[in-house]
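**Q** Here is how the chains run, residue by residue.
2 protein chains.
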Amino acid sequence: MSAPQPISLADKLAGISDHWNPRIVAGYNGNELRLVKLAGDFTWHSHPDTDELFLVLKGQMRILFRDGVAELGEGDLLVVPRGVEHCPQADAECHALLIDREGEPNTGDTPSHRTRTTLERA
Amino acid sequence: MSAPQPISLADKLAGISDHWNPRIVAGYNGNELRLVKLAGDFTWHSHPDTDELFLVLKGQMRILFRDGVAELGEGDLLVVPRGVEHCPQADAECHALLIDREGEPNTGDTPSHRTRTTLERA
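From first to last, the protein sequence lines are chains F and A. Read in UniProt numbering, the first sequence has 65 at position 65, and its numbers run on one by one without any break. Read in UniProt numbering, the second sequence has 109 at position 109, and its numbers run on one by one without any break.
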């Protein structure tokens, strides 16, 4: 049987023990679905050529924008439009599903100590 | 303040009372995030020009393929590759987040009594 099979996000998350290191779980129309555990501060950046989707699976996080802030809880979804500067934060560990264009660096146009040049598959 | 704000999937789902009628909740890179409540049988179809993502938010569903079947529970994700025939089913009401290319009919290349020509926004 070669039918596509489901991916359990819980199982994949169980295999992730570090923070700010997204793992690729699937591809969709040239984009990557990525699972990440967040805690603490990320760095300011933007993605000039791709929107970026955040869906919080567990916990809470915050996305700072130059003109405001968005507070996300479990089951909240936010799309950061391409080119919009943002900075994710989480006071305590938070689990999120991200979607980015294939190969897009996690820190977009602004390399930092958080940059992961090559993402692993979950 | 014009910063992007989160969308609560639970709040949007609370406003949906019918089945097999996806509502658009957000856009991402030319694709649409859609919320849908499923119950019973859909119809066989494929999407020749777009992958289709299913993420189960509540309940259970099944996707029939010509060469097998996938059973999805809460937190399970599956990408149906473009061109692959499939038929979703749910024995009891199930809530799912879908991603399809903008404007893609819910029944893809095979119009049926389930076809929704214009999707509403949630």
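Keep in mind that the hints are not guaranteed to be accurate.
The list makes no distinction among identical chains, and a pair is therefore deemed to hold if it is satisfied within one copy or across any two copies.
[Said to hold, decoys possible] Dumping the calculated SDA-like pairs for lysine to any residue here, alpha-carbon to alpha-carbon at most 25 angstroms: (1) LYS58 with THR115; (2) LYS58 with ALA3; (3) LYS12 with ARG66; (4) LYS58 with GLY15; (5) LYS58 with ASP109; (6) LYS12 with VAL69.
To be clear, the hints were calculated from the coordinates, so they are not data collected in a lab.
**Q** None of the hints should be skipped; say for each whether it holds.
**A** Status of each hint after checking the structure:
no., hint, verdict
1, LYS58 with THR115, "within (23 angstroms within a copy, 34 angstroms between copies)"
2, LYS58 with ALA3, "between (30 angstroms within a copy, 23 angstroms between copies)"
3, LYS12 with ARG66, "neither (33 angstroms within a copy, 27 angstroms between copies)"
4, LYS58 with GLY15, "both (15 angstroms within a copy, 23 angstroms between copies)"
5, LYS58 with ASP109, "neither (28 angstroms within a copy, 36 angstroms between copies)"
6, LYS12 with VAL69, "between (29 angstroms within a copy, 21 angstroms between copies)"
In this structure, the earlier hints numbered 3, 5 are contradicted, and the remaining ones agree with it.
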